[in-house]
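Colleague: In case you want the letters, here they are:
2 protein chains.
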Amino acid sequence: MATSAMLIARDDAAIETAVARLMERFGTRCATGESIREQHGHTTTYLTNQPPDAVVFASSTEEVAEIVRTCAEFGVPLIPFGTGTSLEGHLNAPAGGISIDLSAMNRIVAVNAEDLDCTVEAGVTRMQLNENLRDQGLFFPIDPGADASLGGMAATRASGTNAVRYGTMKDNVLALTAVMADGTIVRTGSRARKSSAGYDLTRLLVGSEGTLAVITEVTLKLSGIPGAVSAGVCPFPDVESACNAVIMTIQSGLPVARIEFLDEHQVRACNAYSKLDLAEMPTLFLEFHGTEAGVAEQADRFGDIAEEFGGGPFDWATRTEDRSRLWKARHEAYWASLRLKPAAKGVSTDVCVPISRLAECVMATRADIEENGFTATMVGHVGDGNFHVLVLFDPDNPDEMAATNGFIERLNWRAIEMGGTCTGEHGIGQGKMKYMAREHGPALDVMRTIKRALDPGNIMNPGKIFTLDG
Amino acid sequence: MATSAMLIARDDAAIETAVARLMERFGTRCATGESIREQHGHTTTYLTNQPPDAVVFASSTEEVAEIVRTCAEFGVPLIPFGTGTSLEGHLNAPAGGISIDLSAMNRIVAVNAEDLDCTVEAGVTRMQLNENLRDQGLFFPIDPGADASLGGMAATRASGTNAVRYGTMKDNVLALTAVMADGTIVRTGSRARKSSAGYDLTRLLVGSEGTLAVITEVTLKLSGIPGAVSAGVCPFPDVESACNAVIMTIQSGLPVARIEFLDEHQVRACNAYSKLDLAEMPTLFLEFHGTEAGVAEQADRFGDIAEEFGGGPFDWATRTEDRSRLWKARHEAYWASLRLKPAAKGVSTDVCVPISRLAECVMATRADIEENGFTATMVGHVGDGNFHVLVLFDPDNPDEMAATNGFIERLNWRAIEMGGTCTGEHGIGQGKMKYMAREHGPALDVMRTIKRALDPGNIMNPGKIFTLDG
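Residue numbers (full-length UniProt numbering), protein chains in the order written: chain A, 1 to 470; chain B, 1 to 470.
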């Protein structure tokens with residue numbers, strides 16, 4: 001399988017022709033200014049910015065199909081763009097090409113409250129959707145750190161703090177509208193809650209990072225806003241006991257809605273940035289959803305588990321404002337950490353292991369950080385065995401940069417060796433391609449065969465997941 | 001896309017050579033007797049039995065790979081076989097070929113209680129697994145009517161009565177071992193609870209019905225046996241009020257573990273077959289999982305909803321024996337219905353619609369049954385909008401058979417028109433191919449492109465999902 005080569009290289013003449021065609025068609029909605037192009041390449045980490053040659057602001061699925069057909073005609077790469085918050089270089093244009101900016105496709109097409117689902121255009125962000133839903137007593141639970149677009153979240157199989165209870169994008173997308181590499185518009189899935197009617201194209205496109213299709217509309221499962229919510233904070237004497245409390249919580253079947261780990265460095269950063277006064281110790285942030293009685297029962301059970309591992313006191317945030325402050329701080333953790341080392345760049349890496357290996361993986365990673373004297377914070381959606389390390393380094397110091405890269409590589413190999421994955425939620429992009437062969441073995445060739453079949457010209461976000469030769 | 005033809009037709013010489021090779025290699029484990037071949041074709045409904053040319057009993061993934069390589073070498077079709085309980089003709093050999101019987105691959109490879117997961121060979125059945133898990137306080141929730149193999153359940157994206165709470169096979173398979181069309185053994189996914197590392201091959205193979213790969217091992221999520229379980233039965237004055245009570249239950253976010261609909265004909269059949277004494281009215285069977293307090297609260301809330309729609313009394317089955325009797329009767333519903341018309345054949349069809357359309361779809365279907373004077377029962381996993389109709393007809397009466405087919409077609413078009421699917425859980429096989437184009441539109445060509453890329457010789461269960469020309 002996967003034998004035919006599909007290398008795509010920069011073709012200046014083809015790009016020039018395609019851009020001219022798109023400018024003629026889209027006028028000022030086809031932009032080629034340097035700053036707008038740079039802003040549509042990768043901007044969030046140390047990965048090099050590789051700007052596209054033009055940015056087209058699309059306003060409908062049909063327009064996206066038109067742009068794709070133009071790119072296909074001239075063999076020019078295209079890169080879908082939502083909010084630009086990807087962390088692994090998904091938006092870069094290593095062989096040049098056209099960025100399709102979907103942010104103007106921000107209409108909420110339908111909310112079917114009676115079916116607990118909705119359909120939105122790809123550019124709608126998670127916060128915009130939740131603002132819209134609030135009055136109907138509904139919410140969409142997936143919450144990556146950024147206020148990402150729902151199309152981008154689908155494309156990277158995003159998750160966040162609620163995944164332990166509500167699942168990831170994989171579990172919450174019912175159907176998609178997407179434009180394939182030849183410009184065909186397809187609808188995958190339906191609003192039925194389950195189906196055995198053929199291949200699960202929805203799940204194939206979720207997580208495909210724009211390499212198979214441009215997602216233009218997303219049909220999502222919604223959840224009812226729980227009748228009762230409580231949140232709390234629980235410090236632990238060390239990282240190991242915090243992790244062990246998480247493992248026991250999950251194993252005992254306690255239906256926590258959120259269970260987030262922050263190491264003491266992250267707590268210190270949050271205290272400073274978000275004006276909290278938490279004890280600077282390894283800490284769990286928790287949230288419980290249910291009825292009044294159910295939530296109280298869950299909290300009691302968690303309190304017992306925490307105590308068993310030497311944690312506590314378990315401090316309640318019962319008021320809505322206190323809860324919001326806590327979760328705001330959690331979502332600001334990335335920005336808070338960046339302040340720990342002024343002028344440094346940060347790289348946030350993401351792995352996920354089976355829950356039984358969590359403490360071991362976190363401890364080994366912590367030891368590695370200490371041995372190498374990194375400034376680094378650890379946070380995690382630990383109920384899923386998923387955690388992130390943010391390493392701060394001086395981008396002008398090649399030794400620091402090399403050391404950081406070495407650390408990230410060791411962390412990824414460690415997670416894979418433990419039966420885990422090199423990314424729980426950030427995706428592969430450019431940054432994690434090197435781990436794919438070891439993680440997937442011969443299955444990587446199956447992925448490559450699918451890519452080559454659905455995108456024979458290798459124009460769909462080339463150089464992501466797979467190298468530029470597909 | 002999907003332009004190259006890949007018609008496969010019966011090739012006697014190739015089949016003879018492949019069978020000779022397999023007999024030499026597998027001895028008595030390669031069987032060609034007529035009865036064993038017939039038993040490995042389709043046997044459960046009115047679809048014609050099309051036996052394979054030989055049945056090979058495989059005992060390991062490596063042996064499956066060897067059989068696949070032999071089939072690939074000679075261009076001979078292969079059909080994976082678990083327990084033979086498929087309802088849509090998945091096991092038939094319309095172009096001849098080799099049935100790979102996986103029932104001897106029935107080892108439980110690993111139970112990782114601390115991670116709530118396990119790995120089993122494809123031939124392990126759901127009841128065998130649950131027997132094995134019981135002592136550890138764990139269970140696997142997916143329960144199609146038959147005691148199907150877990151490989152077969154993955155291949156058809158099966159579900160059952162617990163899906164409303166625990167999801168379907170799509171949601172409960174973490175990873176797979178599978179043999180691709182060229183004999184390559186792949187491992188998709190990992191034991192990590194979530195991953196964004198490339199294409200979701202696990203979800204692509206779940207529901208692919210043996211047309212892309214032979215699944216040989218399945219890694220499954222497990223659930224803790226709930227601390228408290230209660231079940232109950234609630235009759236309703238008519239079908240509409242029962243459906244409306246279901247809709248309200250789901251919309252209000254009540255986390256029912258099971259909510260099953262039986263129409264009055266099905267209740268009558270169950271009373272006779274399973275020796276129950278239920279009122280012969282449209283009825284819901286329910287089950288609640290949780291803590292003692294949680295379960296009692298859920299039951300109270302359901303009781304209120306039922307009353308609002310004129311249902312009741314809501315009868316409790318608190319004792320384990322009573323609950324078992326109830327669910328045994330539910331799982332025997334198919335056999336019970338067959339007794340309603342002696343010597344008749346039954347055809348069980350399966351659709352799924354958005355929950356808001358459930359009452360409308362069930363009512364229209366009921367009217368169709370009555371207008372045509374069919375002997376038919378309706379049951380449903382209605383919490384997902386999924387229901388089945390079992391029509392009994394005389395297979396020697398061509399008029400009855402044509403009328404039954406016409407009814408089934410109308411039901412499927414109705415479900416698709418309502419934004420639903422032609423199968424919630426039985427799969428496409430041979431029986432539902434005709435609905436694929438209308439349900440999926442241009443997305444069907446995307447499926448076909450994937451099939452052609454991964455199985456260029458069209459040897460993997462040809463004539464299922466797609467016609468014999470792929």
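Since the hints were made in silico from the structure, they are not lab data.
Since this is a predicted model, take the numbers as computed values, not measurements.
Any given hint could be a false lead.
It does not matter which identical chain is meant; a pair holds if it fits inside one copy or across any two.
To be verified - Okay, derived cross-link-like pairs now, DMTMM-like style, lysine to aspartate or glutamate, Cα gap no bigger than 25 Å in a straight line: (1) LYS221 to GLU360; (2) LYS341 to ASP11; (3) LYS221 to ASP171; (4) LYS328 to GLU73; (5) LYS434 to GLU16; (6) LYS275 to ASP322; (7) LYS328 to GLU417; (8) LYS221 to GLU417; (9) LYS275 to GLU332; (10) LYS221 to ASP396; (11) LYS328 to ASP396; (12) LYS345 to GLU38.
Colleague: Each of the hints needs a verdict: does it hold here or not?
Modeller: These are the hints, each one checked on the structure:
1. LYS221 to GLU360: between (35 Å within a copy, 22 Å between copies)
2. LYS341 to ASP11: Neither: 41 Å inside a copy, 71 Å across copies.
3. LYS221 to ASP171: both (8 Å within a copy, 14 Å between copies)
4. LYS328 to GLU73: For LYS328 and GLU73, neither the intra-copy (46 Å) nor the inter-copy (60 Å) Cα distance is at most 25 Å.
5. LYS434 to GLU16: neither (32 Å within a copy, 46 Å between copies)
6. LYS275 to ASP322: Result: close within a single copy only, 12 Å intra versus 57 Å inter.
7. LYS328 to GLU417: neither (34 Å within a copy, 44 Å between copies)
8. LYS221 to GLU417: between (34 Å within a copy, 20 Å between copies)
9. LYS275 to GLU332: within (11 Å within a copy, 61 Å between copies)
10. LYS221 to ASP396: neither (45 Å within a copy, 46 Å between copies)
11. LYS328 to ASP396: Neither: 32 Å inside a copy, 69 Å across copies.
12. LYS345 to GLU38: within (18 Å within a copy, 67 Å between copies)
Hints 2, 4, 5, 7, 10, 11 from the earlier list are contradicted by this structure; the remaining hints agree with it.
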